[in-house]
Amino acid sequence: EPEVTQTPSHQVTQMGQEVILRCVPISNHLYFYWYRQILGQKVEFLVSFYNNEISEKSEIFDDQFSVERPDGSNFTLKIRSTKLEDSAMYFCASRGENNEQFFGPGTRLTVL
Amino acid sequence: AQSVTQPDIHITVSEGASLELRCNYSYGATPYLFWYVQSPGQGLQLLLKYFSGDTLVQGIKGFEAEFKRSQSSFNLRKPSVHWSDAAEYFCAVGARDTGRRALTFGSGTRLQVQP
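Which chain is which? The protein sequence lines are A and B, in order.
At position 7 of the first sequence the residue is numbered 7 (my numbering), and the sequence of numbers has no breaks.
At position 86 of the second sequence the residue is numbered 1086 (my numbering), and the sequence of numbers has no breaks.
These are computed hints drawn from the structure, not numbers from a lab.
Mixed in with the good hints, there may be bad ones.
[Unchecked claim] Here chain A is said to cover these stretches of chain B; the calculated rule only asks that three of the stretch's residues, wherever they fall, bring their Cβ under 8 Å from a Cβ of chain A:
no., segment
1, 1035–1047
2, 1104–1113
[What the hints assert, rightly or not] Sample of chain B residues with no beta-carbon within 10 Å of chain A, all distances over it, derived:
no., residue
3, I1011
4, V1013
5, E1015
6, A1017
7, L1019
8, N1024
9, G1028
10, A1029
11, G1053
12, L1056
13, V1057
14, I1060
15, D1085
16, A1087
17, R1101
[Unchecked claim] Taking lysine to aspartate or glutamate pairs in the DMTMM-like style, the calculated list, with each CA pair at most 25 Å apart, reads:
no., chain 1, residue 1, chain 2, residue 2
18, B, K1049, A, E1
19, A, K83, A, E97
20, B, K1061, B, D1008
21, B, K1068, A, E100
22, B, K1049, A, D86
23, B, K1049, B, E1066
24, A, K42, B, D1008
25, A, K83, A, E100
26, B, K1049, A, E56
27, A, K57, A, D71
28, B, K1061, A, E100
29, A, K78, A, E3
30, B, K1049, A, E97
31, A, K42, B, E1020
32, A, K42, B, D1054
33, A, K78, A, D62
34, B, K1049, A, E44
35, A, K83, A, D71
36, A, K42, A, E56
37, B, K1049, A, E100
38, A, K83, A, E44
39, A, K78, B, E1020
These numbers were taken from a predicted model, which means no experiment stands behind them.
Ideal Cβ placement from N, Cα and C applies to all residues, glycine included.
Using the sequences provided together with the hints, build the complete structure.
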C-alpha cells in the first residue's frame, strides 16, 4: 500500500540554525500539506501546496518557513532560523482526488 | 472559521467494554469529517471519514461513527474495545470548497484500556 514517508525521523538543531524536513508524498497525489504538533497539543495546519505553489497557509507559517517541491517526488519544509518554540512533531500529508489526507510518520524536531 | 471540540481529554475503559468518543464541530455547512488515531510516537492513521450519504460510516479496526447534523456531532464508537486500541484519537474537519482543504483538528482524546 502506498504511503507517505518522511526523513529524518528525529532532527536536533541549535537555535538559529536552518533545518529542512523532507517528505515523499504518495506518487499520484497532487495536494500536499505540512502540519505540526507541539508536544501534548493538537495537530495544527501550517501550509498546503498545489500545482507548485502555496494554496493556503496559517498564521504559524511566517517568513521563517518555506516549502518547495524540488523534483517530482520530494516535498520539503524549510525553517530558516529555528526558535525554541519550533520544537514539535512535523507531519507531512498528501491528498488525492478523494479528499482523504494520508499522513507520514512525522519528524520530531528538537531545537536546543 | 471552522473548529472542532473533543470534550473528553482522557477516557479509560475496560477491555471488552463499549466506547464512544465525542466530537462536535463548528462549520457553516456540512464539512468533511474524519477520525484519526495516533499511537505513541507514531503518525496519524485514518480510521474513517464522512463525505456524504449514509450518516453511519464504518471504518477500520471495527470503529464506526455517526454524523448528526442537528447536533453538529460526529461521535466515534466501538462495541468492544481491545487493549491495542489504547491511543490518542483525533476528530478533524475539512472544508468542502476546493480552495481550502486543510484539516482542523480537535485537541484529541487519550484512550486508556484496562485489562
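Outcome of the hint check:
no.: 1; hint: 1035–1047; verdict: holds (count 6)
no.: 2; hint: 1104–1113; verdict: holds (count 5)
no.: 3; hint: I1011; verdict: holds (17 Å)
no.: 4; hint: V1013; verdict: holds (22 Å)
no.: 5; hint: E1015; verdict: holds (26 Å)
no.: 6; hint: A1017; verdict: holds (26 Å)
no.: 7; hint: L1019; verdict: holds (21 Å)
no.: 8; hint: N1024; verdict: holds (15 Å)
no.: 9; hint: G1028; verdict: holds (17 Å)
no.: 10; hint: A1029; verdict: holds (15 Å)
no.: 11; hint: G1053; verdict: holds (14 Å)
no.: 12; hint: L1056; verdict: holds (19 Å)
no.: 13; hint: V1057; verdict: holds (13 Å)
no.: 14; hint: I1060; verdict: holds (12 Å)
no.: 15; hint: D1085; verdict: holds (19 Å)
no.: 16; hint: A1087; verdict: holds (14 Å)
no.: 17; hint: R1101; verdict: violated (7 Å)
no.: 18; hint: B:K1049 x A:E1; verdict: holds (19 Å)
no.: 19; hint: A:K83 x A:E97; verdict: violated (36 Å)
no.: 20; hint: B:K1061 x B:D1008; verdict: holds (21 Å)
no.: 21; hint: B:K1068 x A:E100; verdict: holds (21 Å)
no.: 22; hint: B:K1049 x A:D86; verdict: violated (30 Å)
no.: 23; hint: B:K1049 x B:E1066; verdict: holds (10 Å)
no.: 24; hint: A:K42 x B:D1008; verdict: holds (13 Å)
no.: 25; hint: A:K83 x A:E100; verdict: violated (32 Å)
no.: 26; hint: B:K1049 x A:E56; verdict: holds (22 Å)
no.: 27; hint: A:K57 x A:D71; verdict: holds (21 Å)
no.: 28; hint: B:K1061 x A:E100; verdict: holds (18 Å)
no.: 29; hint: A:K78 x A:E3; verdict: holds (22 Å)
no.: 30; hint: B:K1049 x A:E97; verdict: holds (14 Å)
no.: 31; hint: A:K42 x B:E1020; verdict: holds (20 Å)
no.: 32; hint: A:K42 x B:D1054; verdict: violated (29 Å)
no.: 33; hint: A:K78 x A:D62; verdict: holds (11 Å)
no.: 34; hint: B:K1049 x A:E44; verdict: holds (19 Å)
no.: 35; hint: A:K83 x A:D71; verdict: violated (28 Å)
no.: 36; hint: A:K42 x A:E56; verdict: holds (19 Å)
no.: 37; hint: B:K1049 x A:E100; verdict: holds (8 Å)
no.: 38; hint: A:K83 x A:E44; verdict: holds (17 Å)
no.: 39; hint: A:K78 x B:E1020; verdict: violated (39 Å)
Hints 17, 19, 22, 25, 32, 35 and 39, counting from the list given before, are not met by this structure.
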